[in-house]
Amino acid sequence: MRRRLWLELSAFVVLAAVVALLPRFVSDFRARELAIVGMYFIALLGLSILTGFNGQISLGNGAFMAIGGYTTAILSVDGFYGHQVRDLWTIPIAGVVAGIAGLVVGLPALRLSGLYLALITFGIAVSFPQLPKKFDHFFGGTTGKILNLAKPPFGLSTTTNNWIYYLTWGIALVLLVAAWLLVRGKTGRAFKAIRDSEVAAVSSGISIGRYKTLAFGISAFYAGVAGSLYAIANAYVNPDVFPIILSVYLVVGLAVGGLDSLFGMIAGAALIYFLQNHADTVARWLNHLPALSLDPQKPGIPSVVFGIVLIVVMILLPTGVGGLVRRLFGPLTTRLYTRS
Amino acid sequence: MPIAAFTWTEFAQQLAAGIREGAIYAGLALAIVIIYRSTRVINFAQGEMATFTTFIAWSLMNQGLTFWEAFPIVLAIAFTGGVVIERTLIRPVENAPVLTIVIITLGLALLLNGLMNLIWGGANVQFHGPFSTRTIDVGGVPVSVQDIGIVAVSILLVGLLALFFRFTKLGLGMRAAAVNRDSSRLVGVRVSWMFALGWGIATVLGAVAGMMIAPVVFLDPNMMQTILLYAFAAAVLGGLDSPVGAVVGGILLGVTITLLGRYVGFIGSTLKLPAALLLILVLLLVRPGGLFGKVAVRRV
Amino acid sequence: MRVFVVCAAVAVVAAASAGARPVATPGVSSDEIHIGSSVPLSGEAAIAGNVARGIDAYFKYVNDKGGVLGRKLKYTYLDDGYDPGRAVNNTIRLIQQEQVFAVFSSLGTNNNLAVRKLLNDNKVPQLYVSSGATTFGRDYKKYPWTIGYIPPYSEEGEIYGRYVVKNLKKAKIAVLYQNDDYGRDLLAGMKRGLGKKAKSIVASVGYDPTSSDVQPQVTQLKASKANVLMVFAFGKFSLQAFNAVSRLGWKPQIFVNDVSSAASLMAIVPQKAANGSISIVFGKDPASPQWANDKGIKLFQSILRKYGNGTSSRDLKDGYFTAGMATAYTLVNTLKKAGKNLTRQSLMNAATHLTERGNPFVLPGIVIHTTPTSRFPITQVRLQRWSKGAWRTFGPLVSAKPG
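Chains as they are written, first to last, in the working numbering: chain A, 1 to 340; chain B, 341 to 640; chain C, 641 to 1043.
If you are wondering where the hints come from, they were derived from the structure by calculation, not from laboratory data.
Take these hints with a grain of salt, some might be off.
[Claimed, not checked] No more than 25 Å apart at the CA atoms, straight line, and that leaves these computed lysine-lysine pairs for PhoX-like:
1. Lys831(C) x Lys809(C)
2. Lys812(C) x Lys865(C)
3. Lys865(C) x Lys712(C)
4. Lys298(A) x Lys891(C)
5. Lys712(C) x Lys298(A)
6. Lys938(C) x Lys837(C)
7. Lys757(C) x Lys712(C)
8. Lys976(C) x Lys763(C)
9. Lys151(A) x Lys912(C)
10. Lys839(C) x Lys151(A)
11. Lys837(C) x Lys865(C)
12. Lys298(A) x Lys957(C)
13. Lys837(C) x Lys298(A)
14. Lys865(C) x Lys806(C)
15. Lys298(A) x Lys938(C)
16. Lys151(A) x Lys712(C)
17. Lys714(C) x Lys806(C)
18. Lys714(C) x Lys891(C)
19. Lys298(A) x Lys763(C)
20. Lys1041(C) x Lys837(C)
21. Lys151(A) x Lys757(C)
22. Lys806(C) x Lys976(C)
23. Lys812(C) x Lys782(C)
24. Lys782(C) x Lys809(C)
25. Lys812(C) x Lys912(C)
26. Lys134(A) x Lys977(C)
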C-alpha cells in the first residue's frame, strides 16, 4: 500500500512539473490544444469517480458540461440581475449549478442500474440540447451566446492561450488532488463498496442512496467546471457546441483511461481531443503503411480514422491505460486479479 | 402562429403516421434487443450497420436487380457480416468489461459511417422499396400501402423471432448462453458461436429495418442516427430483453411522440423527444425492467 | 520588480522594432498566399465539405496557370464536424499555427458567428462566409472584417412572398420550416414579402432537426386546407416533405428554398408532388440538363477531373463543388484587385469594392457587386420552376438585396 502511495505521489509531482514547464517547449497554439485536453481531463475525473469508483454508468455527462458552459455564458453575457460576472468567477458557480443538476439526476438513478441507467442518462444527453432551443430568450436559441474573448486578468503579460492553459491545468491539478483524497477517504471506500456489492455495502451500514446521489453530484460538478472552461476558451456556446456525441466521447475517454485510474484519464482526454481534431494527421501517418493512400481531407476519412484507432486501442488495451499500468507496476496479486 | 384546428380525419392520419414511425423504431429496437439478449451488450453500430446493408441493397438494385431479387442476397451478406464482425472485433475482448465492447461498437459505427461517405457519397439517394406508394382509403382516411407494409413486416418479424427462440434448439441455446455462460457450456451449448449467431441475426433485422425505412426517409449515411436514438428509447421502454417489448415499445413511442408534438402546444416539435424520454423515465421508476422486461435478481 | 522592468524593456524594444520595420503580413510571401477554411468533413453535414474540395481544385487550376499576380495559392481546410466549438479551435489554428492570410468560405451560420469576434479582434478577414444569415453582410460597422456571399435567406423568403402576392391571388399558404434561425429567417422574409397579405398564411409548423420524418407536420399543414406550401427545410427533410405531400394525396403549389432545391434531390422525390414547384437560383447546378453544354460547367468538370483528388462521376454532378468554385473564382478576382502589395487591409478594401461580371459558375447576367456599405456579393437571382424532371428558369433577374 505504501509503495502505491509513493508511486502516486511521485507521479503527481512529475505531472505538476510537466504541466508547469510544457508551454515553454511548445507553440502557443499547442498550449491551447493542451488546455482543451485539460478540460476533458477534468470532466473525465468526474466520470471516473462516478463510473470507475461508484459503478454507475453515465452517458449524459456532456449535458452537465453544457450546463456549466451555459452558466458561464449567461452570467458573463447577460449577468445576474444586470451585473455581468467576470468569466473567472463563473467557473465555481458553473460547477455548483451543474453539481446540483447532477444531484437531481442522481435521485431517479437510484432505482436504475446497468444499461438502463446508461440509456436514461443518454436520454439526458439527447434532451438537453433541446432546452436552449425551446427557451431561447434565456439561452439564446440556436444562435447561442457570444462571450467576450478571454484575456489574461490582472494585467498578466502572457498570451490568451497560455492563460487558458495555466487556468485549466491549475484547476485540473487541484481537482485531481481532491478526487484522489476523496477516493482514498471514507467516502471513496463507501463508493467502492457500493460498486463491488450493493448488498454487502448495505449490510455494513452504508447508505446507498446518499452515496450514489453524491457521486452523481460530484461527477456533474467536475463536468460543469470543464464545460465552463470550454465556454471561456471558445467564447461561444450554442446547443451544437455540446453535441450528443460529446457524452459518448467522454465515455470513450473513460474506457481508454481505464475506469478507476485517475491518472489514466489524461490519456483518455488526450485521445478524444486528438482523434477529433487531428484525424488528418493520423491519416497521413497511416499513409506510410504499404498500399494505403488516404486523402486526409475527403469527407468521411476523419470518421474512418477515428473508428479504426478506437477499435485498435480498445482491442489492444481492453482495460485502458490504467489497466496496462496496473499490470506493469502493480503487485502480483493485482496483476493476477485484473486478467484481460 | 396559426395552427390548424382539431379534426378527426387529421387525428386518424397522425395516429397512422405515428404507428408507422413506431414500427420503424421497432425494427431497429428488435435488433438492439437481440444483441443485448445474446451478449449483454448495447450495440452503438446497429444503426450504421443497417444503413450500410441498405446501401448494399441499393447498389445491387442499381445493377438491375429487383427488390425481391436483392433481398435474400442482402440478408445473406448482412448475416455473414454480423458474424464476421463478432468474430473479429468482439471476440478478442469477450472477457473485457462491457464498456470496452460498447466502445468498440462505437468505433465500428464511426468507421462504417466514414466508409459510406467514401463509397456512396453523403447525398441522399432514392431507394425503391417493396411496397407501393399508393394511398388507399381506410374509412375516409388516406393511408399509404407502404405504411401498412412497414407495420406488417415488423409484426411478422417479432412473430418469427418468438417462434425461433421458443421452439428451435438454436434459439434455446442462444437464450441459455446469454443467461448463464458456464452452465450452458456444461450442457454442450457452443456459447461463443451463439454470440456470433446473435450478431448475425441482429444485423439481418437491422438490414430489414433499413430497407423498410429508406423509401420513406431517403437513404444517406446518416439515415439511422436519429432513428437509433428512438430505437434505444423504444428498447428501454419495452424492456431490453424482450422482442415483443421492442415492438410494443416502438409503436407506443412513435404514437406518443407524434401526438405530443402535434397536440400539446408547449411541447411541440422541440420538446417531443425530451417529453417522451421523461415519460419513459417515470415508467422505469415504477417498472425498472421496462414494460415486458424482467429485472434480474441480484445476488450477493 | 526587476522582472517587471525587464518585461517593460523588452516590450519597449519590441514596439520600437515593430515601428521601424513594417511587419510582414501573415500568410503572404513573395511567392505564396495562404488561405484557410473550417468545414465539416465528418458528421451529418460531411457532404457539404465538398465546397472546400471544389475551392481546392480551383486554386490548383489557378496555380497551374501562374497563380495570382505571381503568387501561388496555398489552401488549408480543417474538419469541424459542423460543431462551432471545433470551428473556433480550427480558426485559431489557422490564424496562429498555419498563419493564414485570410479565413475564407467557412461553412455554417453558427460556425461563422462563433469566430466572428475573434477574427475581427485580430483583424483577420472573414471572407465570403458560406451562410445566408443577413448579419454577415449587414453588421459591418461592428465587424468590418466580415463579408457574406450568397443572398440572405430572408430576402429569398421575401421573393417568394412577393411572387405569391403578384401571381396567386387566392393563396392560402402553409409553411413547413426548420425550427431554427435559418428556417425562421425565411419565414420572416416571406411575411415581409406578403405585406398586407400576410394573413393568407393559414398554418405554419416548425420541425426540429432531431425529427426522423416530417410527415406529421405535413399532415397537420394539409389539414389547414392550404393550397400553397412553402418548404423552408434542409436536406432530407425537404425530400420527406415532398414524399409526405404525395402520400397524403395533397396537391398544393410548392415553393422550396434554394438550399434544398438541387436538381439531384428534386429528381428523386415523387414527381407528381414535385412538378410545378418554384424556387430561386443563382448558381449553376451541374446536375441540371439546362447547363449540360454550358461553358462554365464544362470548365468546372475539366478542372475537377484534372485537379480534384480522386474525383468520382458523382462529384461532377455535385452542386457543393460548383458552389465552392464560384466563391473561389470571386476570391481570386478579389486578390487580383487587391494588387501586388497585398495586405489584409487591401484585401478587405478590394472585397468591398467589387464588381465582378461573368463568374462562370453563377447564372449568366449576375453581377457580383459590393460597396463598403453593401456587403452582399450576390443579390441577383432568378425564379425557376420544376417540370419534366428539370428546373427551368423563368422571368428576369430579381433583386435579393436587403432594403
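Indices of hints not satisfied (ascending): 3, 4, 6, 7, 9, 10, 13, 16, 17, 18, 19, 22, 23, 24, 26
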